[in-house]
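Engineer: Going down the list, the sequences are from chains A and B. Numbering follows our numbering, with no gaps: position 23 of the first sequence is 23. Numbering follows our numbering, with no gaps: position 108 of the second sequence is 108.
Treat the hints loosely; a few may be bogus.
[Claimed, not checked] Here are the simulated lysine-lysine pairs, DSBU-like style, with alpha carbons at most 35 Å apart:
hint : chain 1 : residue 1 : chain 2 : residue 2
1    : B       : Lys29     : A       : Lys338
2    : B       : Lys29     : A       : Lys299
3    : A       : Lys75     : B       : Lys29
4    : B       : Lys29     : A       : Lys80
5    : B       : Lys70     : A       : Lys80
6    : A       : Lys243    : A       : Lys331
7    : B       : Lys29     : A       : Lys84
8    : A       : Lys85     : B       : Lys70
9    : A       : Lys331    : B       : Lys29
10   : A       : Lys102    : B       : Lys70
11   : A       : Lys243    : B       : Lys70
12   : B       : Lys29     : A       : Lys173
13   : A       : Lys100    : A       : Lys251
14   : A       : Lys100    : B       : Lys70
15   : B       : Lys70     : A       : Lys173
16   : B       : Lys70     : A       : Lys127
17   : A       : Lys69     : B       : Lys29
Treat the hints as calculated values from the structure; they're not laboratory data.
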Amino acid sequence: MKDTAYTHSADASTVEEALAADNHQGIVDSEGATALAMQNTLLTPRFYTTDFDEMDSLDVSSVREDWDKLIAQMKSDPNKGHFKKNEDWDHVDWDGMEPKLKAEFIDFLVSSCTAEFSGCVLYKEMKRRGNNDDIVTLFQLMARDEARHAGFINDALREAGIAVNLGFLTQKKKYTYFRPKFIYYATYLSEKIGYARYITIYRHLEANPEHRFHPIFKWFREWCNDEFSHGEAFALLMKSDPKFTETWVNKLWIKFFLTAVYSTMYVRDHQRPVFHAALGVDPDWYAHEVFTKTSEITKQIFPITLDIENPRWQRGLEAMQRANVDLADAKANGKFFKRIGASIRAGAAFIGLFTTPANKHTAPASVRLEPAY
Amino acid sequence: MGLLTREFETAPCEVEVSHCFDSLHAHVKFLNGATINPGDEVQVQGPPVMAPYGEVVREQRTARITRASKLEQLWTRMTGDFEFMELCEFSFSDEVEITEETALGAVA
Numbered sequence: 001m002k003d004t005a006y007t008h009s010a011d012a013s014t015v016e017e018a019l020a021a022d023n024h025q026g027i028v029d030s031e032g033a034t035a036l037a038m039q040n041t042l043l044t045p046r047f048y049t050t051d052f053d054e055m056d057s058l059d060v061s062s063v064r065e066d067w068d069k070l071i072a073q074m075k076s077d078p079n080k081g082h083f084k085k086n087e088d089w090d091h092v093d094w095d096g097m098e099p100k101l102k103a104e105f106i107d108f109l110v111s112s113c114t115a116e117f118s119g120c121v122l123y124k125e126m127k128r129r130g131n132n133d134d135i136v137t138l139f140q141l142m143a144r145d146e147a148r149h150a151g152f153i154n155d156a157l158r159e160a161g162i163a164v165n166l167g168f169l170t171q172k173k174k175y176t177y178f179r180p181k182f183i184y185y186a187t188y189l190s191e192k193i194g195y196a197r198y199i200t201i202y203r204h205l206e207a208n209p210e211h212r213f214h215p216i217f218k219w220f221r222e223w224c225n226d227e228f229s230h231g232e233a234f235a236l237l238m239k240s241d242p243k244f245t246e247t248w249v250n251k252l253w254i255k256f257f258l259t260a261v262y263s264t265m266y267v268r269d270h271q272r273p274v275f276h277a278a279l280g281v282d283p284d285w286y287a288h289e290v291f292t293k294t295s296e297i298t299k300q301i302f303p304i305t306l307d308i309e310n311p312r313w314q315r316g317l318e319a320m321q322r323a324n325v326d327l328a329d330a331k332a333n334g335k336f337f338k339r340i341g342a343s344i345r346a347g348a349a350f351i352g353l354f355t356t357p358a359n360k361h362t363a364p365a366s367v368r369l370e371p372a373y
Numbered sequence: 001m002g003l004l005t006r007e008f009e010t011a012p013c014e015v016e017v018s019h020c021f022d023s024l025h026a027h028v029k030f031l032n033g034a035t036i037n038p039g040d041e042v043q044v045q046g047p048p049v050m051a052p053y054g055e056v057v058r059e060q061r062t063a064r065i066t067r068a069s070k071l072e073q074l075w076t077r078m079t080g081d082f083e084f085m086e087l088c089e090f091s092f093s094d095e096v097e098i099t100e101e102t103a104l105g106a107v108a
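Construct all of the structure, not just a fragment, from the sequences and the given hints.
Structural biologist: Next comes the structure, spelled out in structure tokens:
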């Protein structure tokens, strides 16, 4: 990344180097060093296994032409070189940033970094244990992109004085399990909603540049195009076998995943009011925009979309949000009964959302889409 | 594998940690072909494998694998699916708890 002109204590491998780094210039005593403390966050991704034989049995021959084109495009790596800082990377005044905004923004960056990193770990594992060439190639390419995104966010964090700690491998970690079809639903949806989230912020800031308080937002468009093509690959995978989207049970699973992902996003974004205010974004407007775009895109493969215009939908989200606030408070203050009550309310709100009748669609014969927002 | 009992084994492994601008990743590869099943636990032995910024560190280590009991494996198969939210950028994670450390601690 940066040349050696500016050094940062996060790069240092010895104490002496750390204290000699530019961000510590002028500090001679330990008190001063503590005041300019480097913060440290340990990434702890989950580790996954799945039914690798089942995954190997996937056969993309029914969508071969689209598949080969997409993989060739991913192999050509159009975004290579994009994730570099150039003159557009303005100076960030981290010290002058309002502390609440700084905390929420860092939380946003760390969550994003963790998600990219977890994706990378998952895809690498699939790549390593799979034997089906098509699938292995796809996961290898996706692992490359996710690691690159994680590296880029990590760099932004380092500027803020946050060192990401990758020492988790020597901690005990349990491997959890994902059914292959759940990997397809969850990954597809997380890539597509990721695209919708990034592009909505990018377009908003394009129109309102005075709200762009950090240069990383300028990179969101190419970034989300990676997410978009990852999602395309999973759409093709699901298209390769009609059972993934057409059986009664799987339609219910799709609805479950849509509801869980949308409602989690709503609740989580409402936990960052200062961040959204700084961007000039109303979280309710943002959620509706992102859901609308995601629903439009997912019609390419999913036979249903959630009825986000139904008044029950917004009411349910708000109920879930309130329950979540109470739950967090109960957890923080050790209020046992309040915690039970809030959990029941959150569960009830989820059921209310899940049982809101969905819109049905006939999926198009051809799946492929290009990013259009 | 017992219904309720856990078993242990060790496996030689290669750990790769990349702390670069181009790629932030950390992976473990078992060198004896050991495979991991749902519910198993893996711990790479020795001190944390740390890569300074801009470097890729590759080390041969030993991993201790705790094999899940049959029951635990079944349970993980049934419940693991619900952890998928972590893949979303807006997921709830505990990792956002950032710990204050001095400059000395952070470079360890």
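Engineer: Run through the hints listed earlier and report the numbers of any the structure violates, in increasing order.
Structural biologist: 1, 2, 5, 6, 8, 9, 10, 13, 14
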